[in-house]
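Next come the chains, spelled out residue by residue.
There are 2 protein chains.
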Amino acid sequence: MTNSSSEFDLIAEFFAPLATSPGAFGLKDDVALVAARAGHDLVVTTDTIVAGVDFFANDPPASIARKALRVNLSDLAAKGAEPFGYLLSLMLPKEIGRPFLKDFAAGLESDQTEFAVSLLGGDMSSTPGPPAISITAFGHIPVGRIVRRNGAREGDLVFVTGTIGDSGGGLALLENQAVSTSVETRTRLIARYRVPEPRVTFAPALRAASAAIDVSDGLLADLGHIADASGVRMELQAERIPLSPFLRDLWGDGVDAIARAATAGDDYEIAFTARSPTADARTAVTRIGKVTKGSGIVLLDAEGGEITVPRKGFVHF
Amino acid sequence: MTNSSSEFDLIAEFFAPLATSPGAFGLKDDVALVAARAGHDLVVTTDTIVAGVDFFANDPPASIARKALRVNLSDLAAKGAEPFGYLLSLMLPKEIGRPFLKDFAAGLESDQTEFAVSLLGGDMSSTPGPPAISITAFGHIPVGRIVRRNGAREGDLVFVTGTIGDSGGGLALLENQAVSTSVETRTRLIARYRVPEPRVTFAPALRAASAAIDVSDGLLADLGHIADASGVRMELQAERIPLSPFLRDLWGDGVDAIARAATAGDDYEIAFTARSPTADARTAVTRIGKVTKGSGIVLLDAEGGEITVPRKGFVHF
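Here the protein sequences line up with chains A and B, keeping their order. The numbering of the first sequence is my numbering, which starts it at 1 and goes up by one. The numbering of the second sequence is my numbering, which starts it at 1 and goes up by one.
Incorrect hints may appear among the rest.
Each pair may be met inside one copy or between any two copies, as identical chains are not told apart.
To be verified - List time: in silico BS3-like cross-link candidates among lysine-lysine, alpha-carbon distance up to 25 Å: (1) K94 x K28; (2) K28 x K290; (3) K293 x K28; (4) K290 x K94; (5) K293 x K94; (6) K293 x K102; (7) K102 x K290; (8) K28 x K102.
Everything labelled a hint here was simulated from the structure, so no lab data went into it. Please read all numbers here as calculations on a predicted model, not as lab measurements.
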């Protein structure tokens with residue numbers, strides 16, 4: 001810090017106001033207490049985002065914070081769990097300024113209201129590397145209702161919420177690998193890359209699914225995880241994969257656009273299998289294929305021919 | 001990775017064997033389930049270590065892993081909680097090799113046995129920066145028995161487990177800011193820097209304390225946190241602060257050695273206040289001072305004069 005505030009001062013100023021749960025002790029202790037909820041299991045998940053990998057160092061700090069939180073809320077939602085709190089580990093360069101922290105905390109505050117979660121605790125370290133944010137999120141689910149990856153069965157249908165590929169389109173625009181003359185297309189796609197919309201409200205309805213996952217690595221890659229874990233094969237109809245008007249404006253309507261969308265990642269929609277359509281009033285759900293005997297995942301064109309995609313999703317290593 | 005393994009392969013090979021709890025789902029899902037324990041609260045904490053700040057990039061991978069886990073177990077122990085599991089977020093350069101991961105996982109495995117914990121889940125990302133490891137640890141404590149920072153009262157005594165400053169001595173040796181001709185001194189002090197010994201077994205006895213903290217920032221800084229939170233003053237007798245024979249061999253016996261030890265940090269001993277001595281059979285505990293009215297913390301010499309220390313502990317920002 002340029003003004004020689006210690007991390008204790010910074011935590012007290014920017015983060016303690018977010019710690020509204022009594023078990024967080026106002027961030028004035030080393031741990032948090034998490035109370036049990038009768039009839040519910042506790043569900044936990046952790047995800048880290050790193051500048052230069054998962055976001056751009058010059059993204060607005062509020063949107064970096066919201067992305068860090070939301071990718072975790074997405075994991076909980078994809079299992080049918082409802083979030084209530086999170087732990088935050090911040091790794092920041094020494095020269096980070098107070099304006100960054102102020103905006104970062106404001107982003108968390110607005111998401112805390114939107115998703116009914118509060119900060120339970122955390123940790124703040126200096127790093128000689130790029131900023132990184134690691135969050136552990138906590139949720140509850142009625143006992144025995146968790147939706148795993150391994151429950152898909154032959155005869156189930158395959159569904160996905162919302163639209164796929166928007167975030168990948170936003171990333172391509174930010175990296176100048178795509179160009180759009182439409183301000184709205186550019187704005188909407190970049191917004192989806194920077195601030196995903198986790199399907200938190202869909203979690204209760206999702207408990208009727210046989211298997212589910214959130215789409216973070218790419219639709220094909222993530223459905224591939226379900227296929228592997230469940231010991232089944234999936235056949236997806238390319239033309240049914242839901243693309244937004246903004247993504248169609250950017251990539252067009254062809255098979256190439258669909259293949260890009262289905263491998264782009266960072267969508268934070270929920271892909272799931274179920275015997276019959278599962279929905280709630282607030283969430284668009286599209287049937288995109290079916291579960292069959294066998295293994296792996298195939299993307300079929302309108303004539304039933306297999307579409308080859310170069311890689312199925314993002315891998316770190 | 002030089003051999004093009006994805007993070008999914010690496011997790012399956014090196015980390016899934018550590019996920020022995022049923023709620024971890026063999027690391028084959030996005031979340032972990034944490035079962036409630038009757039009559040107990042769940043206690044959680046998170047701490048991150050970064051190469052170049054908290055460890056050296058060329059430290060043995062097994063000791064990096066053990067340090068990352070142990071600093072978190074230390075936080076739980078210092079509140080009276082007993083650990084049972086942890087989540088691991090790994091941020092590693094793309095070029096990290098399998099030998100690193102193999103040794104890293106072996107370090108975790110040996111500590112899992114030693115401390116009766118298991119891996120519940122995690123996340124692995126590439127980073128353009130230095131390696132960093134973020135761990136969230138989970139423990140249980142009988143309801144209502146947590147030992148906070150804010151319970152110290154006038155008339156309490158101040159205690160610390162083990163010896164103070166060894167880790168700081170090890171760091172000074174590694175940074176060539178100190179020299180020792182004794183192989184044993186060098187080995188023992190560096191070992192304490194690299195692999196702290198969290199006071200996990202002391203947690204049940206500690207529940208008799210009025211306030212407690214683990215010594216990570218430095219003895220004076222951390223007791224200062226208790227003094228602040230409790231609204232009290234502490235008077236410490238410098239000559240009672242326990243130094244190991246190895247640290248005395250390095251720094252000598254003088255006031256300067258004590259001041260260095262009390263501000264060095266990374267000890268992962270437990271400093272606490274209590275009305276009367278609190279101990280168990282396995283843990284050395286030394287009375288080092290008393291709690292009085294007022295605020296702040298003073299280090300007194302044998303004649304009762306105040307010893308001025310240049311800074312009380314490590315700060316990141």
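Taking each numbered hint in turn, which are not upheld by the structure, reported in ascending numerical order? 4, 5, 6 and 7
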